[in-house]
Each structure stands twice: as C-alpha cells, then as structure tokens.
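S.K.: Please construct the entire structure, taking both the sequences and the accompanying hints into account.
Number of protein chains: 2
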Amino acid sequence: MKKGMIKISVLYPNGDGKTFDTDYYCNKHMPMVKNLLGESVKALSIDRGIGGETPGLPAPYAAVGHLYFDTVADFQNSFGPHAEKIMNDLPNYTNIQPVVQISEVQL
Amino acid sequence: MKKGMIKISVLYPNGDGKTFDTDYYCNKHMPMVKNLLGESVKALSIDRGIGGETPGLPAPYAAVGHLYFDTVADFQNSFGPHAEKIMNDLPNYTNIQPVVQISEVQL
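In order, the protein sequences belong to chains A and B. Under our numbering, the residue at position 15 of the first sequence is numbered 1076, and the numbers go up by one with no gaps. Under our numbering, the residue at position 64 of the second sequence is numbered 1125, and the numbers go up by one with no gaps.
No lab work stands behind these hints: they were computed from the structure. Just so you know, not all the hints are guaranteed correct.
Simulated pairs of lysine-lysine, DSS-like, Cα-Cα distance not exceeding 30 Å [what the hints assert, rightly or not]:
1. Lys-1089/A x Lys-1079/A
2. Lys-1064/A x Lys-1064/B
3. Lys-1064/B x Lys-1063/A
4. Lys-1095/A x Lys-1079/B
5. Lys-1064/B x Lys-1095/B
6. Lys-1095/B x Lys-1079/B
7. Lys-1063/A x Lys-1089/B
8. Lys-1064/A x Lys-1146/B
9. Lys-1089/B x Lys-1103/B
10. Lys-1063/A x Lys-1103/B
11. Lys-1095/B x Lys-1146/A
12. Lys-1089/A x Lys-1063/B
13. Lys-1095/A x Lys-1064/A
14. Lys-1064/B x Lys-1146/A
15. Lys-1089/B x Lys-1146/B
16. Lys-1064/A x Lys-1103/B
17. Lys-1103/A x Lys-1146/B
18. Lys-1095/B x Lys-1063/A
19. Lys-1064/A x Lys-1063/B
20. Lys-1064/B x Lys-1103/A
21. Lys-1063/B x Lys-1095/A
22. Lys-1064/A x Lys-1095/B
23. Lys-1064/B x Lys-1079/A
Chain A is faced by these chain B residues, among others (derived, beta-carbon under 10 Å) [what the hints assert, rightly or not]:
24. Cys-1087
25. Met-1091
26. Ile-1111
27. Thr-1115
28. Asn-1156
29. Pro-1159
30. Val-1160
31. Val-1161
32. Glu-1165
33. Gln-1167
34. Leu-1168
The structure displayed is predicted, hence computed values, not measured ones. Using N, Cα and C, we set each Cβ at its ideal position, and we do this for glycine too.
M.R.: In structure tokens, the structure reads:
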C-alpha cells in the first residue's frame, strides 16, 4: 500500500467465551461495509488470528479487518452516515467489542 | 496479499512514557530484519498509529510492523536463527514490549 495512505484497522480481541464468525465477516459484513462506503475505500484486507508469540499461545486477536483510504476525512465522511448500520451488524458475527486503530502507512 | 499467506504482525502498545522512533524502525530495524530473514519474507509493511476510535483519542498502538510468509514454517525457520539479534535491537528504537500476532490472510 502506498506511503501516506490512511489505514483503519478493526481488531477483535480474543478471550474466554469470545466468538467470531469468520465466514460471515468475510462474505457478508465486510462486503456490506465496502458497498456502503463506496469509492472512498481504496483497498481492504482481513486477517484471521491463528497464533501468538510462542507455539500454542492463542492469537491476541481473533480477527483484524483493514480498510484503506486516501485521507482521514475520506474515512470519516464515508463512514459517518453508515456507522449505525455497520455497528448494528456486529452481533451477527461476534460478541467481541472491537478496538479501532487509525494508522498512516509508512511502508 | 494472497489468501492463505501467513502474516506476522508486531504491535507496539501505546502508553504513558512509551517511546517509539519511527524513523529508526522504518530505515534501520525493518530493513535489517528483511535482510536477515531473506527470501522467506514475501512482503512487509509498517503502520504508524495516528488515532483511535474517536477524534482526540491516542492510537492503541504506536506502530505495527507486518511481515508476510508463505507458511508458518518459513517464518519460524528464517526467524529462529536471528531472533536474538533482532530482539536485541529493540532498545534502539523503543521501550515498548511488543505483542505478536500470527494471522492467515483471508482477503
């Protein structure tokens, strides 16, 4: 991804009793987000956590979704009007409260 | 990145008194890692945290580095012999104890 792009990462922390439906997330939720936000989304990617620092440790995050934008304003302007609809879909695939990180791509 | 690839993410949690030298990380540390691990590294990327869920909140992570491999074994076999040298470089750019996540790229 190009240096300077804005990357919104949504991280879903693992834990006892936490559930995450990767299939729904990849095939329903993220396509819906992409569709709602439209052309402002330049790329997206999804990671499924499979491990931690040492063999046998669980992944800190069950999953992480990333969306790329040209600017923070592009994210805010395209996400804002659809925030409620997007957040309301969470219970359909997880009981995890996600953590949001806004980053600038360095490399 | 191709579905099924292995992504090693090294996350540096923000906090009071935490420091992170992005310039050293991008221009010294990560190039050293790439050089040591050689051809097994298929791609790498670096995120610099600039914000959290709502405006004004700090980013949960000061920075996140990602390395992509074809398989977990490729990561382990190339990282293992150089782990000590790589870890010993940390104090040169940060006082943060990183969190490691192993993911499988879904999309």
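S.K.: Decide, hint by hint, whether the structure agrees.
M.R.: Against the structure, the hints come out as follows:
1. Lys-1089/A x Lys-1079/A: Within the cut-off at roughly 20 Å; holds.
2. Lys-1064/A x Lys-1064/B: holds (23 Å)
3. Lys-1064/B x Lys-1063/A: holds (20 Å)
4. Lys-1095/A x Lys-1079/B: Given pair Lys-1095/A, Lys-1079/B is violated - Cα atoms ~35 Å apart, limit 30 Å.
5. Lys-1064/B x Lys-1095/B: Distance of about 22 Å is within 30 Å: holds.
6. Lys-1095/B x Lys-1079/B: holds (25 Å)
7. Lys-1063/A x Lys-1089/B: Satisfied, since the Cα-Cα distance of roughly 20 Å is no more than 30 Å.
8. Lys-1064/A x Lys-1146/B: Holds, at about 28 Å.
9. Lys-1089/B x Lys-1103/B: Cα-Cα ~19 Å, so holds.
10. Lys-1063/A x Lys-1103/B: holds (17 Å)
11. Lys-1095/B x Lys-1146/A: violated (41 Å)
12. Lys-1089/A x Lys-1063/B: Holds. Lys-1089/A to Lys-1063/B sits at ~20 Å (cutoff 30 Å).
13. Lys-1095/A x Lys-1064/A: holds (22 Å)
14. Lys-1064/B x Lys-1146/A: holds (28 Å)
15. Lys-1089/B x Lys-1146/B: Satisfied, since the Cα-Cα distance of roughly 13 Å is no more than 30 Å.
16. Lys-1064/A x Lys-1103/B: holds (18 Å)
17. Lys-1103/A x Lys-1146/B: Since the Cα atoms of Lys-1103/A and Lys-1146/B sit roughly 37 Å apart, the hinted pair is violated (cutoff 30 Å).
18. Lys-1095/B x Lys-1063/A: Judged against 30 Å, a Cα distance of about 19 Å means the pair holds.
19. Lys-1064/A x Lys-1063/B: holds (20 Å)
20. Lys-1064/B x Lys-1103/A: holds (18 Å)
21. Lys-1063/B x Lys-1095/A: With a Cα-Cα distance of about 19 Å, the restraint between Lys-1063/B and Lys-1095/A holds, given a limit of 30 Å.
22. Lys-1064/A x Lys-1095/B: holds (18 Å)
23. Lys-1064/B x Lys-1079/A: Holds - the C-alpha atoms of Lys-1079/A and Lys-1064/B are around 24 Å apart, at most 30 Å.
24. Cys-1087: holds (5 Å)
25. Met-1091: This interface hint holds because 7 Å falls under the 10 Å limit.
26. Ile-1111: holds (5 Å)
27. Thr-1115: holds (9 Å)
28. Asn-1156: violated (18 Å)
29. Pro-1159: Interface hint status for Pro-1159/B: holds (9 Å vs cutoff 10 Å).
30. Val-1160: holds (5 Å)
31. Val-1161: Holds: closest Cβ of chain A sits about 4 Å from Val-1161/B, inside 10 Å.
32. Glu-1165: It holds, given that the least Cβ distance between Glu-1165/B and chain A is near 5 Å, below 10 Å.
33. Gln-1167: OK, holds: Gln-1167/B within 10 Å of chain A, min 4 Å.
34. Leu-1168: At about 4 Å, which falls below the 10 Å cut-off, the nearest Cβ of chain A leaves the hint on Leu-1168/B intact, so it holds.
Of the numbered hints given earlier, the model fails hints 4, 11, 17, 28; all others are met.
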